[in-house]
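Peer 1: Listed below are the residues making up each chain.
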Amino acid sequence: MNAIDSEDTCQWPRVPWRLSGALADLERAGESEFVRDLIDAFLQDTALRLESMRKAAASTDFEALAACSHALRGSTLLVNAEQLAELCREIEQHATGRKHRDYLAMVDRLDLVLRETREAMMCYADALPGSVVC
Amino acid sequence: MRVLVADDDTVYRMFLGRELSKWGYQVVTACDGAGALAALEDRAGPSLAILDWSMPGADGVEVCRRVRANSDGRYIYLLLLTARDSPADLIAGMDAGADDYLTKPVNMAELQLRVRAGYRILEFEERLRQLFDGAPIAYHEADTNGVIIRVNHAECRLLGRGAEEILGRRVWDFVTPGQVEKEKAVFQAAVEAPNQRMEDTELELRGRNGDTLLVRLQQNQVRDSRGTVTGLRCTMLDITELRRQQELLKRQAADLARSNAELEQFAYVASHDLQEPLRMVASFTQLLAKRYAGKLDAKADEYIKYTVDGAKRMQQLITDLLALSRVGTAGGDFRGVPLADVMSDVLLNLGPAIQESGAAVVHDSLPTVLADRGQMTQLLQNLIGNAIKFRGAESPQVHISAVEAGDEWTISVSDNGIGIAPEHAERVFQIFQRLHTRDKYPGTGIGLAVCRKIVERHGGKIWLDSTPGGGTTFHFILRKLAPDADKSLR
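If you read the sequences in order, they're chains A and B. If you use the working numbering, the first sequence corresponds to residues 1 to 134, in order. If you use the working numbering, the second sequence corresponds to residues 1 to 490, in order.
Next up, chain A with everything else stripped away, as it sits in the complex (with noise of 0.2 Å):
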């Protein structure tokens, strides 16, 4: 399989991830499974910690939200889901400076793009090969 490194090639509407340039080598060294269990775990951790998100932002817990978008930022980076990435440092920055936003709305935003974002990766990763579903 090849890596899907560009919007052209997608086969949805938005993209809200690209194969990051490790992931992308990874496949090429022929570790499909380790790609797969690093993307499990990615959407594992990440659907923990938008929950933490979601309380902080009810509670208008600056603190916690800061540090929340923060270590979401640093995964979705390692992925390259540039959408999330670009989010959570929205979110990090206004929680930094104490600024009072809708940040449920945020969250709620955040949400949707990891949806996408689950949606593209799992596909991507049923149709590394060795996968039983593609």
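Everything labelled a hint here was simulated from the structure, so no lab data went into it. You may find that some hints are simply not true.
Result set (EDC-like, lysine to aspartate or glutamate): computed pairs, CA atoms no more than 20 Å apart in a straight line [unchecked claim]:
id : chain 1 : residue 1 : chain 2 : residue 2
1  : B       : Lys312    : B       : Asp301
2  : B       : Lys480    : B       : Asp341
3  : B       : Lys22     : A       : Glu33
4  : B       : Lys290    : B       : Asp273
5  : B       : Lys22     : A       : Asp25
6  : B       : Lys22     : A       : Asp37
7  : B       : Lys22     : A       : Glu82
8  : B       : Lys389    : B       : Asp341
9  : B       : Lys22     : A       : Glu31
Once you've looked at the hints, dock chain B against the given chain A.
Peer 2: Showing chain B alone in chain A's frame:
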């Protein structure tokens, strides 16, 4: 090589772990600060840690701080990983004790290079640690309050204590009660001094068993990059045994000097006091020989002759013994002595012997030396006299020369005489030692002993080169006259 990856982000842990394994490192992971600290506390654990800044519990910066604060002597290379990239964050991270800093997303090629660089530093650190621990001299580092923060094996051995009993205590906890205030003052002065290295000082330490150890303490300031003194590096050389030996030697030297003085005094008094009764014996036996020669029987004449000879020999022995004892007790002051002038006196004194033997005595240009003139005359006269006395079949040829070497002169007296076998080269300088019968070469066997004593009194040494039948060269060393002394003496 074990590497710790501490990150609460599963993806990063997995990804970094995988890459590091591929590069040949053994990977240990932790998902929070507590886990990271636990892994790093293990002495056999990782020596390089990649720490995420944001972790639950203790964050990466806090882990850096605690690792540096609880150093057990082992250095751990700390690399902070974070999505923060402001200069203020970088400063905060490095200030907490991080060695390096990488921002997320991590460039793997860069990480690999930095981990490699980290291990190069660790290898260097390990070499330094081995040098520190293996050094034969006691060594410790203390902060500005005197609290010992590093100690090597040699110091542990010196104090008879384990490192854990020394670290965290103050330097003056290990000195004898009477030296505590002195050590506090010396330490404080070293911390406050404008120069980095202090003068060595001596200190008494308390050994584990209450014994006292004398050490020479050397203190050097440790300064940070801003030049602020952060502590002292101290080396301690155990001089207990050295000092004991020095004291012993000093006592022995004093005993020896006293004993030598007593012996010289005894030899002088004995030989001087023996002279008078012996002179009486010799005078009367000579009178007896003169008055009664041919008036008694032949046996009586023979006995009287033996008595007269014995008395004369004994007189000569006592005169020589007295001369030997006077080298030490009745020597004159050291002054600038031109050896050429001394040679003139010697040639005059030995005139009859030179004439009788047909000897040729020549000398090169001779220096002025710092010496006792009378003893120089005696020394050269004895050596040249011997050269004439112990001649072979040919007329004696004696040559005196001088060679300059540093602040000394080596004077040599060479002859073409019968020579001395190598096994006797040392023996001839001993008192009463004779290599030939009295009939063949008369003498008391004291001449060369006197020569040695004179040279030693002048701080030099005397020796000989010879082959039987091939002549002998006596060499002796004398100190040069200092240039200014030479001027003042003129």
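Peer 1: Now, for every hint given, state plainly whether the structure supports it.
Peer 2: Hints and how they fare:
1. Distance check on the hinted pair: Lys312(B) and Asp301(B) sit about 17 Å apart at the alpha-carbon level, within 20 Å; holds.
2. The hinted pair formed by Lys480(B) and Asp341(B) meets the criterion: a straight-line CA distance of about 16 Å does not exceed 20 Å.
3. Distance restraint check for Lys22(B) and Glu33(A): the Cα-Cα separation of roughly 16 Å lies within the 20 Å cut-off, and the hinted pair is therefore satisfied.
4. The suggested pairing of Lys290(B) with Asp273(B) is violated, with an alpha-carbon distance near 27 Å, which exceeds 20 Å.
5. For the hint pairing Lys22(B) with Asp25(A), the CA-to-CA distance comes to about 13 Å; that is within 20 Å, so the pair holds.
6. Our distance criterion of 20 Å between C-alpha atoms is met by Lys22(B) and Asp37(A), whose separation comes to about 17 Å.
7. Simply put, Lys22(B) and Glu82(A) have alpha-carbon atoms about 27 Å apart, too far for the 20 Å limit, and the pair is violated.
8. For the suggested pair Lys389(B) and Asp341(B), the alpha carbons sit about 23 Å apart, so the restraint of at most 20 Å is broken.
9. Pair hint Lys22(B) plus Glu31(A) holds up; C-alpha atoms about 12 Å apart against a cutoff of 20 Å.
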